[in-house]
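Protein chains: 4
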Amino acid sequence: MTTNLGWLGTGRMGAALAGRLIDAGEDVSVWNRTTAKTGPLVARGARATGQIADLGGCDIVFITVSGPRDLEEVVYGEHGLLSGKSKPALVVDCSTVSASASARVRAAAEAAGVDFLAAPVSGNPHMVAAGGACIVASGPAESFRRAKPYLDVMAKVAVHAGEAEQSRLVKLCHNLYLGIMVQALVEVTTLAEKGGTDRAAFLEFLGGTVLASEWVRRRSVDLVERDWTPTFTTELLRKDFDLGLEAARSLEVPMPVGATVYQLIQSAVGIGLRDADFLSLYDQQARGAGLAVEPEE
Amino acid sequence: MTTNLGWLGTGRMGAALAGRLIDAGEDVSVWNRTTAKTGPLVARGARATGQIADLGGCDIVFITVSGPRDLEEVVYGEHGLLSGKSKPALVVDCSTVSASASARVRAAAEAAGVDFLAAPVSGNPHMVAAGGACIVASGPAESFRRAKPYLDVMAKVAVHAGEAEQSRLVKLCHNLYLGIMVQALVEVTTLAEKGGTDRAAFLEFLGGTVLASEWVRRRSVDLVERDWTPTFTTELLRKDFDLGLEAARSLEVPMPVGATVYQLIQSAVGIGLRDADFLSLYDQQARGAGLAVEPEE
Amino acid sequence: MTTNLGWLGTGRMGAALAGRLIDAGEDVSVWNRTTAKTGPLVARGARATGQIADLGGCDIVFITVSGPRDLEEVVYGEHGLLSGKSKPALVVDCSTVSASASARVRAAAEAAGVDFLAAPVSGNPHMVAAGGACIVASGPAESFRRAKPYLDVMAKVAVHAGEAEQSRLVKLCHNLYLGIMVQALVEVTTLAEKGGTDRAAFLEFLGGTVLASEWVRRRSVDLVERDWTPTFTTELLRKDFDLGLEAARSLEVPMPVGATVYQLIQSAVGIGLRDADFLSLYDQQARGAGLAVEPEE
Amino acid sequence: MTTNLGWLGTGRMGAALAGRLIDAGEDVSVWNRTTAKTGPLVARGARATGQIADLGGCDIVFITVSGPRDLEEVVYGEHGLLSGKSKPALVVDCSTVSASASARVRAAAEAAGVDFLAAPVSGNPHMVAAGGACIVASGPAESFRRAKPYLDVMAKVAVHAGEAEQSRLVKLCHNLYLGIMVQALVEVTTLAEKGGTDRAAFLEFLGGTVLASEWVRRRSVDLVERDWTPTFTTELLRKDFDLGLEAARSLEVPMPVGATVYQLIQSAVGIGLRDADFLSLYDQQARGAGLAVEPEE
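Line by line, the protein sequences give chains X, E, F and L. For what it's worth, the working numbering labels the leading residue of the first sequence as 3, then goes sequentially. For what it's worth, the working numbering labels the leading residue of the second sequence as 3, then goes sequentially. For what it's worth, the working numbering labels the leading residue of the third sequence as 3, then goes sequentially. For what it's worth, the working numbering labels the leading residue of the fourth sequence as 3, then goes sequentially.
Where hints are given, some of them may not hold.
It does not matter which identical chain is meant; a pair holds if it fits inside one copy or across any two.
Each computed DSSO-like pair below joins lysine-lysine, with the alpha-carbon atoms no more than 30 Å apart [said to hold, decoys possible]:
1) LYS196 x LYS150
2) LYS87 x LYS39
3) LYS87 x LYS158
4) LYS241 x LYS87
5) LYS39 x LYS196
6) LYS158 x LYS196
7) LYS196 x LYS87
8) LYS150 x LYS39
9) LYS241 x LYS158
10) LYS150 x LYS89
11) LYS89 x LYS39
12) LYS158 x LYS39
13) LYS87 x LYS150
14) LYS241 x LYS89
Simulated from the structure, these hints should not be mistaken for laboratory data.
Next up, chain X with everything else stripped away, as it sits in the complex (with noise of 0.2 Å):
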C-alpha cells in the first residue's frame, strides 16, 4: 500500500528535501503560501493542494516553515493542518524552532490524536538537494521507524535522539559546538601567524589533515582575507550560546569551554563586531596577540 506524503512549505529547504522524495518516486502532496513556489516540485511529479487543510488526507506530513509562528498557525491555527476533517497520523517538523515551542505543537498534534517528529535538518538548501543533509529527529520511536524510510530518501543520516524534544537540544549542541571550533581556529591561527606564518599556509596545512572538519576548509578562503560579510553574525551566535548556555544550565551541565567561548563573544561584541560575520572572533584575538589588524574595507 502506497504512502501518501505531504510538505507544508515549499521554500528553499523545504523545495530542497521535497524534491528528494519526488525524484524517487514517492507520492508527494504540496503546500506553500506562495502557491507558485510550488511550480517546479510540480514539474517533477509533485501534487499541488489550495488549502493546508487538504494535506490531512496524507499519511505523513512534513513541515518547513520559517519559525514557531509560522509553525504554530499551519498546525493549529485556524486553518492549519488540524483544522480539517482528516489529519494525516504523522506530521515531521524539520523547521528549526525552540524545544518549547515544539513541546507546545506537539501537544497540540498529539491532542488531535496526530504523532508529531522534531526533525530538524544541518545542512544549507545545496548541499541538502544533493543528499548531503543529516537529520536530528525526536517523538515517538514508533513514528520514528515509520518516517525512517523517508527520511532516507532526504539525509545521509537520520537519528532518533529520544521521545520528546531533545532534537532541538542536540541541534544547539551542534550550534556550541561550532562556535568553539570558531574560537580554537582563531586562537591557533594566530598564534602560527605571530610566529611567522602567513594565514593561507597554515590553513591549508591544517584544512588538510584529519583534524579540520569540511566547515573550516570552506570558511579558511574569508578567514586569510578577513571578509566578514556576514553568514552568521557574533550577535546570532550569542543567541544560539544564550540557549545553549540555558539549556545546560537547566541539565545541571557544566560548559567550561562553552562558557569561556560565551565570555568571549560578548566581548567581541562589546568592541563592535556584533553585525560582523562570527569569523570575526578573529579581529578580537589578533588584538589581544598585539598583532595590527588593519581597519575592514
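Dock chains E, F and L against the given chain X, drawing on the hints supplied.
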C-alpha cells in the same frame, strides 16, 4: 639530470613516506640502524647503504627518526651525515622534534654548507602510505622550492610555513586545536546525553554534519564505548599543551580557550586519568554533569 | 520638626537596624506579623502599632521582610501600607529581593504618590547591631537625601547607586565578587598545600596581609578544618550567579572570570557538593590537584 | 645570654625591619653597600660594620637585598658572609627571590654549617615600619623556632611554611590571589557601572563590606579616577603569573581561574596596557563591555 634522494630512518613512518617516492620511480638510497628494516624498500627498488655518511652523495636526504637526540646524532654525530667527505645539498627532517632541537640541527647543517628544511608530518603511517599525509615545512624558500616536487609525491598537502622553525610551531598549533576540539566534543556530548539522547545517536548525527572532522568520526566509537585504551594519553596531551602554551607565552599570544583546556587536562590527570586515552576527558566532564560513569572494566 | 519613622518587619535584621535608630533617640513606630517580636524594641523606646496601615502616618517607613512576596503584600496587599488613608512620604526597603520585584513595588508606591528607595544591606544581624552594616540604595536622589541621616545611623556606609533598581544589581555584584574570591582562595590554598605548606599556616599568613578580607579571615578556620556545615550552600551560590550573570548578559558585560567560576560551581554541584557550604569548592579543587581529600565525617 | 643579630642590606625594607629590632632593644650590627644608609639605624642604636664578613660573629644574620644575584653574592661570594672565619649559626633571608635561587643559597649555607631560613615579607616599608608586616618562613623547624622571637618583633604575623623553599611558593600564591582579585574587581565594577552606578559609589559600598580587603580600599581611588600610574605594571603581574603557574604546573595543581586571568593579562599586554599599572585591566574589561573608555591624558 636525475636528483639522487636519500632516506635516513625507515621505521613505520619513514617507510611509508619513502615508499611513495620509490613507487613513483625516484632513485632513493636508504639507511636504517636496523638494516633489516630497509629490506621491503629495497625490494621495491631502493638502494641499501651501509653507513649514514654514504648518503652524503645524495642531493637531498630526508630524515625520519624518533626524537631530537637521534636527529642530532644522525646529522652531526661522530658518524653522522655531516661527517663524510660528500655532503648533501639539502636535508629535510620529517621527524617530530622541538623548535630548539630543530634550530640546533639547522645551525650545524648550515655551518657545514647544507640547507635544512624542518618538515614534520601530520598523519599516521597507514594514511601516509595511502597518500594522505600533510607536510608543513620551514627553512629557506629556495630549499622548499627544491624539495616541493618530492613533498608533493609524499603528501597531499605540503606548505611552506616560513624561513626558520615555524613548522614546529604549526605542529604545536595542530595539537592544541586537537585538544580543544576534544573538550568541545565531550561538553556537547554530555549535554545531549543528559538531555536524553544516547551518545551513539548524537555522534552519528554530528559525524554526518560539516562540523565533524574525520578525526571525530573515527574516534566516535571509542567515545560511545568509553574505550580509553590509549592511542595518546592525557599526560602526553598535557605535554603538547605545555609546549604550545609556552610558545604562545613567548610570542605573547593569549589563548583563552587553550588555557582553559590545559587546566581541564591538568585536573583530569589529578582525578586519575593520566594514563588513559585523552578522550577520557569525557569521564571528567560526565562526573561534573552528575552522570553516572561506570568504572572502566 | 520631628520626622516620624516606621519600621515594618522586626525579625533579626530589622531589629538590629531599627534598634540603632531607637537607641539614637529617633521616634520609631514598629510593626511585625508576630507582634511579640516587637517587644524588645518597644522596651528600648519604640511605639508598637497594631496594623500595617497605622504606619501610614509616619514620614518614612523602613521595611525588612523575607522576600519579594512578603514585600509586595506588606506594601500593596489588601491590608498593606498603601491601603490606609494616610500614606508615608517615603518607603525604604532594606530587604533582599530581585530587581523585577523591586520595580513592581516601586511602581505601586509611586502610583500612590509614595517615593521608594531600594536599600539592601550587607552584613549579618550581629555586625549590623554593632554599626557595621553597609547600605546601597537606589531611587530618586531627593529621597536618598531625605533618608541619608537615618541610613547613617543604621550603617557605617550608605551610598546612592542610582535612580532605579541599581542597588539590587550592586548586591548581585557583591555576591559574584564573593564567589570568585572563594575559588581564588581555594586555588592558591591547594597550590601552597601541595607544595608542602599546611592550610592553617598558609591562611594565617594570607589573613595577615592587606589582600585578605575580613570574610577570608573569618572563614579560614572552616577551610582549615574542612568544615562544610552550610552557612550558604553551593546551590545558593549558583542561584546568585544565575542572577548576576543574567544581569551581565542583559547589560552586555563580559564576565570571563565570573563565568569560569559559575561553571566550577555547576561542576561542584555535579560531583555532590550541592548542599554543602560553598567553601567546599575546596574539595573539588583538591581532587583536581590529586590531593587526598578524606571524606567528611 | 644575649643573641647578637646582624642585618645585611639596609635599604628601605631592611631599615624598616631592622629598625623594629633596634627599637625593641636588640643588639643589631648592620652592613650596607652604601654605608651612609646605615646612619639612621646607627643613630637609633645599631653598630656599624665595615665588611660583610664582620657579621659572621653574629648569631643570626638577616638579609634584605634586591634580588637573587645580590643574595648569592652577599652570602657565598668572594667577600660574602660565608667567606670569614666566623660564621653565623643562622641566616634569615627576607628578600624576594625565586625558589631555585633560594635553594642554591640554602645549599651553600648548609655546606658551610649555617642554617638558612627563607623568609619573604608581605607589606610595603611604611606598613612594615608600623608593625604591619607579614612574614612567611621556610627552613628547618628548629631554625624557625630560634628566629621566631625576632620575627615576632618585626612582623604582626610570622608563620612556618615548611622545611624547604615553601615560603617562596607561598609568596607566589599571594601574588596570584592578588591578580585574580583585581580581575574580579574590574568585572563587577563594570557590571555595576553599566547598570548605572558610578564607580565611586560602587567602590565605596564594596569597600565597606567584609568582602573588601585593605588593598581594595586603598586602590579604589585609582580605579575611580582611572589613574594607571604604575605601582606595579601589567607586565610585572604577568611575570608573577609566569612563576606562579609554572609552579602550579610543576606540582600538578589545576588553576582554572588563575589561568583565565593569566590570559586576560596577556591580552591586556597585547592591547597596549603593558607598562600601565595592572589596575588598567579595568580598561580591557570596560572595552569588552562596550563602555566608552576615554584615553588617558
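Hint-by-hint comparison with the structure:
no., hint, verdict
1, LYS196 x LYS150, "between (50 Å within a copy, 24 Å between copies)"
2, LYS87 x LYS39, "within (26 Å within a copy, 67 Å between copies)"
3, LYS87 x LYS158, "neither (35 Å within a copy, 61 Å between copies)"
4, LYS241 x LYS87, "neither (39 Å within a copy, 49 Å between copies)"
5, LYS39 x LYS196, "neither (50 Å within a copy, 41 Å between copies)"
6, LYS158 x LYS196, "between (40 Å within a copy, 26 Å between copies)"
7, LYS196 x LYS87, "neither (67 Å within a copy, 40 Å between copies)"
8, LYS150 x LYS39, "within (27 Å within a copy, 52 Å between copies)"
9, LYS241 x LYS158, "within (28 Å within a copy, 39 Å between copies)"
10, LYS150 x LYS89, "within (20 Å within a copy, 66 Å between copies)"
11, LYS89 x LYS39, "within (24 Å within a copy, 65 Å between copies)"
12, LYS158 x LYS39, "within (25 Å within a copy, 44 Å between copies)"
13, LYS87 x LYS150, "within (27 Å within a copy, 70 Å between copies)"
14, LYS241 x LYS89, "neither (35 Å within a copy, 45 Å between copies)"
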